[in-house]
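Chemist: Sequence:
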Amino acid sequence: MTMAFPPPLVSLVGAGPGDPDLLTLRAARRLEAADYIFYDALANPEILSLAPKRCQCVDVGKRGGQPSTSQLLIHDRLIRAAKQGQRVVRLKGGDPFLFGRGSEECLALRAAGIDYEIVPGITSGMGAAAYAGIPLTHRQLSRSVLFCTGQQARNSAAIDWTRYARAADTLVIYMGIARVASISEGLIAGGLPATTPAAAIQWATLEQRQLRSTVGELPAAIQRAGIGSPAVLIVGAVVELGDLLAWLPETSALTLSHRATRQ
Numbered sequence: 027m028t029m030a031f032p033p034p035l036v037s038l039v040g041a042g043p044g045d046p047d048l049l050t051l052r053a054a055r056r057l058e059a060a061d062y063i064f065y066d067a068l069a070n071p072e073i074l075s076l077a078p079k080r081c082q083c084v085d086v087g088k089r090g091g092q093p094s095t096s097q098l099l100i101h102d103r104l105i106r107a108a109k110q111g112q113r114v115v116r117l118k119g120g121d122p123f124l125f126g127r128g129s130e131e132c133l134a135l136r137a138a139g140i141d142y143e144i145v146p147g148i149t150s151g152m153g154a155a156a157y158a159g160i161p162l163t164h165r166q167l168s169r170s171v172l173f174c175t176g177q178q179a180r181n182s183a184a185i186d187w188t189r190y191a192r193a194a195d196t197l198v199i200y201m202g203i204a205r206v207a208s209i210s211e212g213l214i215a216g217g218l219p220a221t222t223p224a225a226a227i228q229w230a231t232l233e234q235r236q237l238r239s240t241v242g243e244l245p246a247a248i249q250r251a252g253i254g255s256p257a258v259l260i261v262g263a264v265v266e267l268g269d270l271l272a273w274l275p276e277t278s279a280l281t282l283s284h285r286a287t288r289q
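The sequence shown runs 27 to 289 under my numbering.
A portion of the hints provided could be inaccurate.
Quick list of simulated restraints, FRET-style, between CB atoms [said to hold, decoys possible]: (1) L270 - L99: 20 to 26 Å; (2) K109 - G252: 43 to 49 Å; (3) R169 - Q82: 43 to 49 Å; (4) I144 - A263: 18 to 24 Å; (5) S170 - P78: 17 to 23 Å; (6) T188 - R106: 29 to 35 Å; (7) E143 - Q82: 16 to 22 Å; (8) R180 - A215: 22 to 28 Å; (9) T175 - E72: 24 to 30 Å; (10) R250 - E211: 16 to 22 Å; (11) I144 - Q110: 20 to 26 Å.
No wet-lab data here; the hints were simulated from the structure. Ideal Cβ positions, reconstructed from N, Cα and C, are used throughout, including at glycine.
Construct the entire structure; sequences and hints are all you get.
Modeler: Written out as structure tokens, the structure reads:
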């Protein structure tokens, strides 16, 4: 039994990590019924093909260091469209409630008296790991996972990476490429061995490029391979299973793997 979509209603929809085939059925249904879609920069544009011809698709993406739509303007647009009785989809890369600012948008909608729903999506950290053959948990190697962000909020104190060194068996770090050197230094300073396996995965599940290295060598390996944003970092013993559990063909256009080597 599926839930109805009575207007006015805003659906915060997780677009997943990139591959359109990873959308949920509910996400597809909401897109097919939408009057407005406000979409993020990291949502695959191919997903918009599910929208009906009448639908207005509005780019409200944010990219670091580039012109971006302000969060307050996004709130205002969602509220105004919903108050007009339109069926609104807020399409967000990954999952709306994991480093997606979905909670901020829900608070704004609630304050305006607008009904909303959350349609979960596969978060990029899980998608990237699965497509790389890296299990985030394993009975002998990892019994805990920590999802964290390498991006600092404006006017906030610097992230103390020493705190995360022993916080979980596996670390999944979003938006950390630009600060990978300080992340590596902090984790090692916090007691994580420099030889701990680590991976960097760019454009998860779409045109996935990846490398496996160690925490100590990761910054140099990323620079050599030219891995950039958007990307996630995975740290922990489970990274070593990536070689054994890799399931994508080496010749696949979906993945361009780079194995980091010591120099």
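Chemist: None of the hints should be skipped; say for each whether it holds.
Modeler: Going through the hints against the structure:
The hint said 20 to 26 Å for the Cβ distance between L270 and L99, and at roughly 47 Å that hint is violated. Take K109 and G252: their Cβ atoms lie about 46 Å apart, and the range 43 to 49 Å holds. Separation of R169 from Q82 is about 47 Å and conforms to the stated range, judged on CB atoms against 43 to 49 Å. A C-beta distance of roughly 33 Å is found between I144 and A263, which places it outside the suggested range of 18 to 24 Å.
As the Cβ distance of S170 to P78 is approximately 44 Å, the hint placing it in 17 to 23 Å is violated. Remark: the range hint 29 to 35 Å for T188 to R106 is contradicted by a beta-carbon distance near 45 Å. The hinted range of 16 to 22 Å is satisfied by E143 and Q82, whose Cβ atoms lie roughly 20 Å apart. Checked against the hint of 22 to 28 Å, the C-beta distance between R180 and A215 comes to roughly 25 Å, which is consistent with it.
As the Cβ distance of T175 to E72 is approximately 26 Å, the hint placing it in 24 to 30 Å holds. Range check, R250 to E211: about 18 Å between beta-carbon atoms, so the 16 to 22 Å window is met. The beta-carbon spacing between I144 and Q110, approximately 22 Å, falls within the hinted interval of 20 to 26 Å.
Of the numbered hints listed earlier, those contradicted by the structure are 1, 4, 5, 6.
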